[in-house]
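Student: One letter stands for each residue in the lines below.
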Amino acid sequence: MTASAVAVLRRWRWGDALVLALAGVLVASSFALVYAPGWYRMGSFAPGAGPTHLVITQAGAASQMVPLTASRRLQVSGVAGITEIEIEPGRARCLRSPGRQGICEGAGWLERPGDIAVSLPNRLVLQVQGANPIFDSMHY
Amino acid sequence: MKRAPGAIRIHPRFSWRIGHRLLPPLLLLLALGLSACQSGPDTDRLSFYAFGTLVDITLYPAGVHDLVRIESELSADLAIMHESWHAWEPGSLGRTNQLLVTGAEFSAPPSVLPLIERGQELERLSDGLFNPALGRLIAAWGFHQNEPQGPPPDAQTLQALLVNPPSLRDIERDGVRLRGQHPELQLDFGGLAKGFAVARSLDRLRDLGVQYAIVNAGGDLMTLGQPPGRPWRIGVRDPRGSGVLAQIELSAGEALFTSGDYERGYDWEDQRIHHVIDPRSGRPSEGLLAVTVLHPDAALADAAATTLMIAGPEAWPALAQQLGVEQVLVVLPDGAVELTPAMESRVTFQQERIPRLRAPEAEPPPHAP
Numbered sequence: 110m111t112a113s114a115v116a117v118l119r120r121w122r123w124g125d126a127l128v129l130a131l132a133g134v135l136v137a138s139s140f141a142l143v144y145a146p147g148w149y150r151m152g153s154f155a156p157g158a159g160p161t162h163l164v165i166t167q168a169g170a171a172s173q174m175v176p177l178t179a180s181r182r183l184q185v186s187g188v189a190g191i192t193e194i195e196i197e198p199g200r201a202r203c204l205r206s207p208g209r210q211g212i213c214e215g216a217g218w219l220e221r222p223g224d225i226a227v228s229l230p231n232r233l234v235l236q237v238q239g240a241n242p243i244f245d246s247m248h249y
Numbered sequence: 002m003k004r005a006p007g008a009i010r011i012h013p014r015f016s017w018r019i020g021h022r023l024l025p026p027l028l029l030l031l032a033l034g035l036s037a038c039q040s041g042p043d044t045d046r047l048s049f050y051a052f053g054t055l056v057d058i059t060l061y062p063a064g065v066h067d068l069v070r071i072e073s074e075l076s077a078d079l080a081i082m083h084e085s086w087h088a089w090e091p092g093s094l095g096r097t098n099q100l101l102v103t104g105a106e107f108s109a110p111p112s113v114l115p116l117i118e119r120g121q122e123l124e125r126l127s128d129g130l131f132n133p134a135l136g137r138l139i140a141a142w143g144f145h146q147n148e149p150q151g152p153p154p155d156a157q158t159l160q161a162l163l164v165n166p167p168s169l170r171d172i173e174r175d176g177v178r179l180r181g182q183h184p185e186l187q188l189d190f191g192g193l194a195k196g197f198a199v200a201r202s203l204d205r206l207r208d209l210g211v212q213y214a215i216v217n218a219g220g221d222l223m224t225l226g227q228p229p230g231r232p233w234r235i236g237v238r239d240p241r242g243s244g245v246l247a248q249i250e251l252s253a254g255e256a257l258f259t260s261g262d263y264e265r266g267y268d269w270e271d272q273r274i275h276h277v278i279d280p281r282s283g284r285p286s287e288g289l290l291a292v293t294v295l296h297p298d299a300a301l302a303d304a305a306a307t308t309l310m311i312a313g314p315e316a317w318p319a320l321a322q323q324l325g326v327e328q329v330l331v332v333l334p335d336g337a338v339e340l341t342p343a344m345e346s347r348v349t350f351q352q353e354r355i356p357r358l359r360a361p362e363a364e365p366p367p368h369a370p
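Read top to bottom, the protein sequences are chains A and B. Taking the working numbering, the leading residue of the first sequence gets 110, the next gets one more, and so forth. Taking the working numbering, the leading residue of the second sequence gets 2, the next gets one more, and so forth.
Stretch by stretch, here's where chain B covers chain A in the computed footprint (C-beta under 8 Å, at least three residues):
(1) 162-168
(2) 212-224
(3) 228-238
Derived by calculation from the structure, the hints in this document are not laboratory data. Where a beta carbon is used, it is the ideal one built from N, C-alpha and C, also for glycine.
Start from the sequences, fold in the hints, and give me the full structure.
Tutor: Following this line, the structure appears as structure tokens:
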């Protein structure tokens, strides 16, 4: 170690070390955030994070956000009749909906962020999401 | 104690000699980190019913677009297209069908002509597997009504419909003048019109000053531009459930269309009757559950998805090559997934699937009668 380096170290205070350590943590976190797979899936996007709310999208009406915290049932009126939705903590499902094909009910429990059930007769889409949507759009 | 030049004196034993140089980059990093952690989506969503389905518009960035005007303009456009191209309700296509069966020459409605021209090209490329002239056959299966229902056609009816069936080759075209040459011509652009509608909706969004958007019509979609610094993230729904089968990241001007046996159909005597009818057998296509095509041309993606469903599990790679689509994913009835090498690099599976690669093949596909 050169004499000048030793002189610099002798003049250090603990605050200097603290700032350097913080800088190191921030730089490392930035790299992890940017280069890790799915870096934009922060918070609820992280693998394993469950859905926090149900988004009910119905043509001609503003989307509704329903928290998936307590068990309950909802009824949504549409052009073809009533869609009944069952909610349990962390999941939701289309219990009954107009339409002979049973596509909405057939989707089963929506348990992972992004899971979706569609009732075209009632012009209705049910999707469970985390705190932020994972996908910009759903292809089905 | 003597203070070093430029140091900030906070406490006699706390001298920030190096810290004062590191603080600006530290604050910048902190700001970047906080902006990445910001809550709420960076897009606006708009949903309305048009073109006989649920239309979902995603707009980037959030909070800058006139959502009321966008919904109003797009709804109006889609309503006109829906009426013009509807296969069984009165409109431009209905009038065209009435005139085609007379055998007399007439001027094609401007809204219908592009579909006929494109349909003829795709019918030729697919050796007749894509045949939008089989409206009578589709109607016989109960699909020319909002809620499709049986009974399916009996064997005798089906046999009659399959003797010398019409095709778009039976339309003589001279500029905008058309003349039908087959008494059973009935156009049904169910496998093409949505591709046209989605592409035209994006054109309208561009005219309205929108730079970055997705137009999703009943699950089929196309992108306009690409948000700065990130791709569009699309979830592909599992065709046999509610889950997400895969994620596909899209860039600017890419369309994603799927044809599946679960879309329109009904159950008849424990059998699933779906809307993709094979012109060779006259019956719903068999062997594939869903076909997804990614291509910059929405109309081609739409028609190709239908055509590959009809082609079936053996012939779809050859047909894909013939149509010029390289990015294809198919789901077989047992849930197995096959995809082309070009599609493999685009898809991230969200479920435990081991997809099988299917490279385009050189052998000719089975031809339509």
